[in-house]
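Now for the letters of each chain:
Number of protein chains: 2
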Amino acid sequence: MHGNVLGIEAVMPDGTIMNDLSKLRKNNTGYDLKQLFIGGEGTIGIITAISILCPQRSPAVNVAYFALDSYEKVQQAFIEAKKQLSEILSAFELMDGKTQKYLAQVKGRKLPIEGEHPFYCLLETSGSNTDHDSEKLQTYLEHVMGEGIVEDGVVGQDATQNADLWSCREGITEILGHWGGVYKYDLSIPIGEMYDLVNETRDKLAKAGLIGDDDSHPVVDVVGYGHVGDSNLHLNIPTRRFDKAVEKELEPFVYEWVAKRNGSISAEHGLGITKKPYIGYSRSESMIKLMKQIKELYDPKGIMNPYKYI
Amino acid sequence: MHGNVLGIEAVMPDGTIMNDLSKLRKNNTGYDLKQLFIGGEGTIGIITAISILCPQRSPAVNVAYFALDSYEKVQQAFIEAKKQLSEILSAFELMDGKTQKYLAQVKGRKLPIEGEHPFYCLLETSGSNTDHDSEKLQTYLEHVMGEGIVEDGVVGQDATQNADLWSCREGITEILGHWGGVYKYDLSIPIGEMYDLVNETRDKLAKAGLIGDDDSHPVVDVVGYGHVGDSNLHLNIPTRRFDKAVEKELEPFVYEWVAKRNGSISAEHGLGITKKPYIGYSRSESMIKLMKQIKELYDPKGIMNPYKYI
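Sequence lines, in order, name chains Y and C.
Going by my numbering, the first residue of the first sequence is number 111, and it counts up by one from there.
Going by my numbering, the first residue of the second sequence is number 111, and it counts up by one from there.
In isolation and in its complexed conformation, chain Y is listed as follows (with noise of 0.2 Å):
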């Protein structure tokens, strides 16, 4: 976003009208202030116009969905797809195998790929050249099958299968709804130890007691899924019902483990009212003075969506 909005307009506190809303990429005169409104949950001013970079839409979409034995080798598809599938890689997510497993028990559906696995990639290419973009993804997937780093894979064959692929991925959220609530974190995490957190978070909940199968235990499971390219773990508990004991175990812990691996503990949604007084864990107590001026300075009263984390 910070790259591919041109321009904003905004009303600030006192009525003052910003009026950044340029249509051209570079404008190089003074600080790029828009910034500061992107991600800033409008506690500066209202964004009233945006214009945005929109690239033209690409006229050939590949998807592969794949299943994995490690974590290790995720890593290792991931690095083969940013070197071979660099240009046209538009997408490369993760699905551990648990999420898979519960969105076929849940939806009653059968998955793309036959057994378990202990994890999946969700893979999509955006480019030009149909025949280009297929060649390159089947020499991608020849390779990674061949070295042994995919088990087992499958390539859509029109938009339907596609789509059908992209839904084990963007079905996941919906499911894990289906016990009574989900524990849900958004985290930046390096990406060598990013599944390590799912881990120990289901080590720990384990070693409370708290995680079962039957009705007595408030914890379902613990589970992983994300933007690899991004660095961007979705670790989530579905329980059966909100629970301190849970919540104890889960905070600060989450919060500590990451911010000891200098990640993000809302990485693309911002914090809001409930993460606001986490704030300290992804930002130095410096940082955020250096917020807070900005927060007086330009609204004093305090009065643009007040609460929040300023």
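These are calculated hints, taken from the structure and not from any lab test.
Keep in mind that a hint or two might mislead.
Because identical chains cannot be distinguished in the list, a pair is counted as satisfied if it fits within a single copy or across any two copies.
[As the list claims (entries may be wrong)] Keeping only pairs whose Cα atoms sit at most 30 Å apart, straight-line, the calculated DSS-like set for lysine-lysine is:
1) 370 x 358
2) 358 x 314
3) 399 x 294
4) 183 x 133
5) 133 x 386
6) 133 x 370
7) 370 x 317
8) 399 x 418
9) 358 x 399
10) 217 x 192
With chain Y's structure known, arrange chain C on it following the hints.
Positioned in the frame of chain Y, the structure of chain C alone reads:
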């Protein structure tokens, strides 16, 4: 830069260290303060460390250089390139006929294409597969030549030839100083009107009797080149000597012309000292006020890179 810089560490005027040196892509916790330092010309703090997203170097690079009859056709060739080469298009540069004529003359070199043409473009592709990219480029060139958009063209056969084609673009800045000095403008202008400014500036200087072949005229010529993909024109006026009469013709004419089209008077090079009085042509009064408030907030004593735009 606003999209590719992942983190910045900077020292503020009061000694505070702004530590925002993330190595991850996403961190949506609070204002993205590092953005103020990008293009801020050191007026808030001194950047002491930076982390930047580095894509893999493309194994396949192709360069084409071609001649066109009109600026209208330059735009058509560009639209086709965005459509057909989209994900591998890494440069689309404009050089007008005069820049190439003077390049040949001053350097005593042959141009890649015979004859004189009003416009030239340099196009570069960067991708992961040489065969695919060459095929796309070939198809593109056949299309634009078949449609009469491009008059003549040449494609580099190896890295040496590619470098030679690039030198026809990159050599311009140097050779324009040949006669003494150059008035330089770095402007964002909507692509449709971009080249009009070159013609209008030349007409204006001609009407004032300031442009000509011999020493009695200060101005040698008015030329234009730049980055079509960014709507970024480099308007250059090579002169035999700096002359107040020329300056009076150029300014505020150029700035007013750009402001009328909501362009930028400094697309990529910043304002520095020379252009600081002209910020008002690219930023509204309320924007400048908001910028001044930031400067006063973080650098109340005005000790960071003083005498610049704020």
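Non-conforming hints, listed in increasing numerical order: 10
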